Amino acid sequence: MKEFFKHSLIRRIFTKKTLSILVVFIFLAIIFYIPILRLLNTAFTDTEGHITLEYFKSIFTRSYNLRVISFTFKEAFLSALVTLLLGLPGAYIVSHFDFKGKSFLLSLTTVPFVLPPLLVALGFILLFGSNGLVNRILMSGFGLKEPLTILYSFAGIIMVHAFYNFPVIVRIVGAQWEGISEKYTFAARSLGANPIQTFFRVTLPLILPAIISSFSIVFLFCFLSFAIILTIGGASYATLEVSIYTYFTMFSDFKTGSALAIFQGLFSLFVVYIYLKVGNLFKTGALQRTFSEKEKLISSKPRFFLSMLYFIVVLILIIAPTLVVILYAFLNPFTLSPTLENFKELFSGRYNFLFGVSPARVFLNSMLFAVATIIVSNVLSLIIGFSVKGDFKAKNALLTLLMLPLAISPITIALSYVISFRAPVNLLNSPFAILFAHILASFPFALRTIMPVIETTSDSFVYAARSLGLSGFRSFIKVELNLIKPSLIASSTFIFAISLGEFGATFMLYRPQYTTLTVALYRLLSGRHYGPAAAIGGIFVIFNIIVFFIIDRLARNR
Amino acid sequence: MKEKIVLKGLKKSYADFSVALSFNVYEGEFLSLLGPSGSGKTTTLHLIAGFVTPDSGSIIKDGADITNFPPEKRNIGIVFQDYALFPYLNVFSNIAFGLKVKGRTNAEIRDLVENIARTLEIEKLLRKSPDKLSGGEKQRVALARAMIVKPDVLLMDEPLASLDAKIRERLREDLKSFHKKFGITIIYVTHDQTEAMYLSERIVLLNQGRVEQIGNAIDIYYHPQTEFVRDFVGKINHVKLKGRDVFVRPEDIGISKMKGDIKGRIKEIFYLGGVSEVRVETESDAITVVKLTKEIIDLKEGEEVYLNFGEERKENFK
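Line by line, the protein sequences give chains A and B. Everything in the first sequence is counted per my numbering, starting at 1 for the first residue and increasing by one. Everything in the second sequence is counted per my numbering, starting at 1001 for the first residue and increasing by one.
It is worth saying that the hints were derived from the structure and are not from the lab. All values reported here derive from a predicted model rather than from experimental measurement. Quick reminder that beta carbons are idealized off the backbone N, C-alpha and C, glycines included. One or more hints might be untrue.
Over 12 Å on every C-beta distance to chain B, these chain A residues come out as not near it, computed from the model [as the list claims (entries may be wrong)]:
| id | residue |
| --- | --- |
| 1 | L66 |
| 2 | G356 |
| 3 | A423 |
| 4 | I539 |
Only some residues are given here: those of chain B computed to face chain A with a beta carbon under 8 Å [said to hold, decoys possible]:
| id | residue |
| --- | --- |
| 5 | F1051 |
| 6 | P1071 |
| 7 | I1076 |
| 8 | F1080 |
| 9 | F1097 |
Based on the provided sequences and hints, a complete structural model is requested.
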């Protein structure tokens, strides 16, 4: 009896599914959990290995660290606030009116999601920099003597962040606003509330969860901002992310860096918690919109005019930096005549000293990292997706553990790799360190794209295929994989965009032979070689347009 | 009787649908707007409440033209299907909402809310969140919220439609006693004819945005003025009798084994408890007859029977 029990228990534990989950977790342990634990260990031990809180204390005692922390919070809070103010009118317009080009505008708001921050920075430098388009027009056309300082300032950082993130607000708040039943406002009006009272007492409380959760996610993005601070902010501004990087590169101080990374990580987790918690409020309580007569935007002239004004500002903000990159890629930056000079210059070999390798090799590196990341992240997501299908105890805990990399910043990941990948095997001189960082950055997104589709795919398809005589493996290939193909394409596109645009971790981990497009772009930008930088930017934009159309197409087909 | 609300040539057009109607509502009356979905019931309600502005025509309340008044100036309350209680406020604050926006003092608000809560027997719910309430409790809270500002007219938009049958019957009774207790003028929208007949003094039958007939339960059942009303309210048999078209209600047909107006054969019998439905096929028609079960207990499927059409009923149908 005892023997039988033991036997069946072992069989129950070591099913194929648990084994596959185990394999994924061992892999994730190597590339994530163990490095992060070693980072914790580094922060809380002194050079002799004794436990100490000294480094953690230094976060709050050293005046440089305090300045960094207060700047990071101030910058993130103000950026998120400006982003919110810029996004709310958009959320109102898309949720209340029908107009031509609305769906195109909605898809345009996904553009910033696929644009790497560095490219956005490039766009803004070309547009608003001291030698940028705006200043040049002002100086030649309006006789301005000195260029205006628009970027390289606190306001500049906030402007770029707001541009980058306001679509998050439009999407999240817009969706919530659109879904709220008009009965609530009707009820309030019939009880004697005027439109202003109705807005503050009814509409605002109902969209507040969406406002808070979108605000917190934007806050998090700006809190962890790296590339934009490095390029637009200049030397005088450093976020936590930038200073962790600086402690490592300038002072080889792993310990203070680790302590800052832990502080940053804990706060990020707290913000993610708020995001998830608040996002779920009222989901069960609030009525959904049923009957709805959406007004045409043209129904009132002043409203139409104001909306148009908003759209023009938004279009300039979304499109102009990207457009300017394309313009500069194919134009002479001084005479503005069409030319391929920038590409010739990029490939002339003149900048190979910056890259460490040839531009063709840089391009190849980026492609190889992207393809490898796509394969690994998708395979991981598929294994997890099929293994955890259905309900079981601890599923949520398991998924939380899998999603954890989302809250850990790229620089933290890179720092943990620098600490852990020296021994027993030195991976730091291999391409694996960068590859692993790219996998961590993309895997949670891939899982979130693929898993819901696997969850909702009915088992009957498989039973039908098996009953028609397909073997288990063939039915998996022919039926299941086919059913989730659209989600696989979507996740591959996301992974491609993430890997191609990843900068922070790559920049901290790369060796000259592994220079990627983003690293090359940053090198050119800091050397103020805007021509060839625009050429790389042009390559990015072309890829991003392709990515945008694939994602948009898939979203429409759904 | 004094007119509380008068709708005069009220028109509103949408791309694929329009309403155009006139009718009166008397002081203290329980009036139902009955019709199939898409007949314009809710639009009419929204016009009266002021959520929708009419293209033309006017709305008169207590002799004053309120056509261009915003909803908050009309003093017309509304209770929705699903009740639309504010999910972020507890029951007390939901009921207090109308007093709050009017700037009443906290002491006044507390007295008035507790008072109406006692009348509607919901004083125990005041600290609860709306999502913790049952359907019946929600209805009472929604009524309290609407009634506390003392509206001149109360509109109700299918308040019972999303509840299951048993609860619906109970809440229907609650509503009837509520109307008796408060004596307020109620305009009630429903697509359920039993509900409309049970609750209302008069019924306005709507179809495709037009008024088909106004009358009490007996008027619309036995004296339909249009084909639509005849077919929409209750069941009706269309019978060819001696070369004439006759329309007759199922319960007005006699059934006999011995003799009658037409001969037929029983196709099916449905025993529904106290009453039963007998389906009879004649040479030209399929006819439904409804009888008390005990009256037809010895009939069997497949049997030949005679049907009798009493003179007084069928004359009412043109």
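| said: Under the constraints set out in the numbered hints, which ones does this structure not fulfil? | reply: Structure breaks no hint.
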